[in-house]
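S.K.: Here's the letter readout for the chains.
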Amino acid sequence: MNTAQKTNPEAAVEIPGKYQTVGHPLLDDPKMTVRSTSVFYAEKQAIFDVDLDIGKNEVISMIGPSGCGKSTFLRCLNRMNDTIDICRVEGDLRLDDEDIYSKKIDVVELRARVGMVFQKPNPFPKSIYENVAYGARIHGLTDNKVQLDELVEKSLVRCGLWNEVKDRLEEPATGLSGGQQQRLCIARAIAVGPEVILMDEPCSALDPIATATVEELIHELSENFTIAIVTHSMQQAARVSQRTAYFHLGKLIEVNETSQVFTNPEHKLTEEYITGRIG
Amino acid sequence: MTEQITEATPMKDTTRSLREARLKKRHAAEKRFQWYGRLSIAFGIACVLFLFYDIISKGHGAFFQTYINMEIEFDGEKLGLTPDSSEEEIRAASFNSFFKKTLREKYPAAETRREKSQLYAVFTSDMPLILRDMVIADPSIIGTKQTVSMIADDDTDVYVKHALGTDSDISRMGDFQRSIVDDLHQRGMIEKKFNAIFFSNSDSREPELAGIRGAITGSFLTLMVTLLMSFPIAVATAIYLEEFAPTNKFTDFIEVNINNLAAVPSVIFGLLGLAVFINFFGMPRSVPMVGGFVLTLMTLPTIIISSRASIKAVPPSIREAAMGMGASKVQTVIHHVLPLAMPGMLTGTIIGMAQALGETAPLLMIGMVAFIVDVPGSVTDPATVLPVQIFLWSDSPERAFVEKTSAAIMVLLTFLIIMNSTAVWLRKRLERRW
Chain A
1 MNTAQKTNPE
11 AAVEIPGKYQ
21 TVGHPLLDDP
31 KMTVRSTSVF
41 YAEKQAIFDV
51 DLDIGKNEVI
61 SMIGPSGCGK
71 STFLRCLNRM
81 NDTIDICRVE
91 GDLRLDDEDI
101 YSKKIDVVEL
111 RARVGMVFQK
121 PNPFPKSIYE
131 NVAYGARIHG
141 LTDNKVQLDE
151 LVEKSLVRCG
161 LWNEVKDRLE
171 EPATGLSGGQ
181 QQRLCIARAI
191 AVGPEVILMD
201 EPCSALDPIA
211 TATVEELIHE
221 LSENFTIAIV
231 THSMQQAARV
241 SQRTAYFHLG
251 KLIEVNETSQ
261 VFTNPEHKLT
271 EEYITGRIG
Chain B
1 MTEQITEATP
11 MKDTTRSLRE
21 ARLKKRHAAE
31 KRFQWYGRLS
41 IAFGIACVLF
51 LFYDIISKGH
61 GAFFQTYINM
71 EIEFDGEKLG
81 LTPDSSEEEI
91 RAASFNSFFK
101 KTLREKYPAA
111 ETRREKSQLY
121 AVFTSDMPLI
131 LRDMVIADPS
141 IIGTKQTVSM
151 IADDDTDVYV
161 KHALGTDSDI
171 SRMGDFQRSI
181 VDDLHQRGMI
191 EKKFNAIFFS
201 NSDSREPELA
211 GIRGAITGSF
221 LTLMVTLLMS
231 FPIAVATAIY
241 LEEFAPTNKF
251 TDFIEVNINN
261 LAAVPSVIFG
271 LLGLAVFINF
281 FGMPRSVPMV
291 GGFVLTLMTL
301 PTIIISSRAS
311 IKAVPPSIRE
321 AAMGMGASKV
331 QTVIHHVLPL
341 AMPGMLTGTI
351 IGMAQALGET
361 APLLMIGMVA
371 FIVDVPGSVT
381 DPATVLPVQI
391 FLWSDSPERA
401 FVEKTSAAIM
411 VLLTFLIIMN
421 STAVWLRKRL
431 ERRW
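The listed protein sequences derive, respectively, from chains A and B.
Throughout the first sequence, residue numbering follows my numbering, covering 1 to 279 in sequence.
Throughout the second sequence, residue numbering follows my numbering, covering 1 to 434 in sequence.
Chain A with its partners taken away, still in its complex shape:
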């Protein structure tokens, strides 16, 4: 924390240890609320006291230089950080007013409601069909094969993958191209019927054409889902998201409408980042 302040004396720090996020981090009718959230890896603090709301059916992108904690923050939202032994999350995180870190919450159920798509396409080494059907199987969403088939088809159609793979559903998913694999991972995530989808740099391993397809898909999905996307590409953030959050060294510096962040950033650090002076 101290190092953070030393290296960035210009960071917006009002009281020692407390800083103010500029812009509009809070919303009226949010889907998820994050209050006073800090994350520690053993003794090292990775996220400092973040307050942020994620609105219903919005796409919010999180940008910032490498190691700024944006992925860590994202992984708090469906408790993927639980899998890391030394990771500790403090604060109040709510999904529809339910504390997701309370003892009453079953993390299995939470992850069904808050799905996730990872940086590198990571289909299971099973068939395309099995990949999409897996979530439905473990959560018991369908009663019979017909319903399952329908669900798989519906999910693949929504991801624009159906026409490409309908003739080879039983073939291994790892035989697909990178972009197809990533769309398959998205289809797999939406097959469970989540409310929020977290995407951790979903296009960083894809070529520009595949990236465009996935961005198009994100845009379509935002009609029904709340999407939080971490990205390295500012162009991508500008293209897909309505709101943008800028993280810097574990602090949430600025949250605003995407157009405003990229045209008229309020904070000096945001401006330096988007103009390429840091990052």
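Incorrect hints may appear among the rest.
Computed footprint of chain B on chain A, listed as stretches where at least three residues anywhere in the stretch have a Cβ under 8 Å from a Cβ of chain B [said to hold, decoys possible]:
#	segment
1	74-84
2	100-111
3	122-132
4	184-195
DSSO-like cross-link-like pairs, simulated, lysine-lysine; straight-line CA separation at most 30 Å [as the list claims (entries may be wrong)]:
#	chain 1	residue 1	chain 2	residue 2
5	B	312	A	44
6	A	145	B	312
7	B	329	A	103
8	B	329	A	120
9	B	161	B	192
10	A	154	B	329
11	B	116	B	161
12	A	120	B	249
13	B	428	A	120
14	B	428	A	126
15	A	103	B	249
Which residues of chain A face chain B? A few of them, derived with a C-beta cut under 8 Å, are [what the hints assert, rightly or not]:
#	residue
16	118
17	135
18	138
By construction, these hints were calculated from the structure, which means they are not laboratory data.
All C-beta atoms in this analysis are idealised placements derived from N, C-alpha and C, irrespective of residue type, glycine included.
Use these hints to put chain B onto chain A, whose structure you have.
M.R.: For chain B alone, coordinates are given in the frame of chain A:
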């Protein structure tokens, strides 16, 4: 030398010639090193070839057995039997004296006691019993003449295989016995056939009747116990340690100990088995069950270590994918990690089993070194195993056991090669299923 180069003398030509001289040396060193490698590989191959040559040249004879085809008249009078005699009557009849009498009639030259006993010793001592079993199986042969393929005694066998027609005296046979064998040979009555006895009989004091069936069955039963015990325990341990156990001093301690156990001499596991299973739990000696338990202790570290390695090799992205879908930890492990780690686990298991198959020392400790004639029917019957059988035979004074020993080694090596190739094949086959 290097200093001279780094000093970067202004005279470029000197630096260059220095570098070139150095380069030659470096190339020479590289060549030399390659040759060291080639030589050591050649040495290794030569050793293996010598071993195989030695074993095969000594042992191949054991796959053939000398038989003597002789016409025998099952004279009802001599036997005191008729074709209608009951089985009990046949069992009571003295086939021993019948057999000896028949032989004496064929070779009246045998006059002295010594000569007579040498005559009988041409054939295996079990011959009267074999004749009796023939009659029991088919009483109608009483009163007829039958050509019987009679098993030669081990001394006859060794003589026929190695010394026939030569002057060398390698068998323990007397002159008279040798003359009989020579005579049988001249009359074309001696025949070498595939040695089915070697595979259908168990251990015996008579080399010509000794086989490996009991030992193979014992090895099979022992390995089954080992497999059934060690695979589930090892896989469960590996999964727990890799996926569930917290990282703390205690799990570190367990890990260090597992690695140490893999290096403990196997005879110590035998002593442990003796103390725990036999003395404390009062289990019987010499049985495959206890042998299997002891070998389980021995193979556990091997399987655990390879299983952990193959679990570690499963990419974390697969775990994240499953967890991100809302799979529980157990579901993640069972649905995704385990199937991907299975080939590696199976390979480790097969290699552990191959190790267990070749193990002798711990089994000596728990009494599996006993002389056992019966084929074990269950894991609680006294049994011996293939390597112990080899050990026992290699200790026997009869010359015929030398080739039996080598033959049993060949059988054991065949099993080991099959198991290890299966492991390699499995790994290749399953490693990337998709």
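S.K.: If a hint holds in the structure, say so; if it does not, say that too.
M.R.: Cross-check of the supplied hints:
Check result for the segment 74-84 of chain A against chain B: holds, 3 residues qualifying (beta carbon to beta carbon below 8 Å, three or more required). Against chain B, the segment 100-111 of chain A contributes 4 residues with a C-beta closer than 8 Å to a partner C-beta. That satisfies the three-residue criterion, and the hint holds. Coverage of the segment 122-132 of chain A by chain B holds. Counting CB-CB distances below 8 Å, 5 residues qualify, and the rule asks for three or more. With 4 residues having a Cβ less than 8 Å from any Cβ of chain B, the segment 184-195 of chain A passes the three-residue criterion, so the hint holds.
Only pairs whose Cα atoms come within 30 Å are accepted, and residue 312 of chain B paired with residue 44 of chain A is accepted, the gap being roughly 26 Å. Straight-line distance between C-alpha atoms of residue 145 of chain A and residue 312 of chain B comes to about 34 Å, which puts the hinted pair past the 30 Å bound. Distance restraint check for residue 329 of chain B and residue 103 of chain A: the Cα-Cα separation of roughly 17 Å lies within the 30 Å cut-off, and the hinted pair is therefore satisfied. Restraint check for residue 329 of chain B and residue 120 of chain A: the C-alpha separation of about 21 Å stays at or below 30 Å, so the hint holds.
Using a Cα cut-off of 30 Å, the hinted pair residue 161 of chain B and residue 192 of chain B holds, with the two alpha carbons roughly 9 Å apart. With a C-alpha separation of about 28 Å, the suggested pair residue 154 of chain A and residue 329 of chain B falls inside the 30 Å cut-off, and the hint holds. Taken as a hint, the residue 116 of chain B and residue 161 of chain B pair is honoured in the structure, with Cα atoms around 23 Å apart against an allowance of 30 Å. Only pairs whose Cα atoms come within 30 Å are accepted, and residue 120 of chain A paired with residue 249 of chain B is rejected, the gap being roughly 34 Å.
Among the hinted pairs, residue 428 of chain B with residue 120 of chain A is consistent with the structure: their alpha-carbon atoms are about 26 Å apart, no more than 30 Å. Between residue 428 of chain B and residue 126 of chain A, the direct Cα distance comes to roughly 18 Å. Compliance with the 30 Å bound is thereby established for this hinted pair. Straight-line distance between C-alpha atoms of residue 103 of chain A and residue 249 of chain B comes to about 28 Å, which keeps the hinted pair within the 30 Å bound. Annotation: residue 118 of chain A was flagged as interfacial toward chain B, and the flag holds, the nearest CB pair being 6 Å apart, inside 8 Å.
Residue-level restraint check for residue 135 of chain A holds (minimum Cβ-Cβ distance to chain B is 5 Å; threshold 8 Å). Look at residue 138 of chain A: its Cβ gets to within about 5 Å of chain B, closer than 8 Å, so that hint holds up.
Hint violations for this structure: numbers 6, 12, all remaining hints satisfied.
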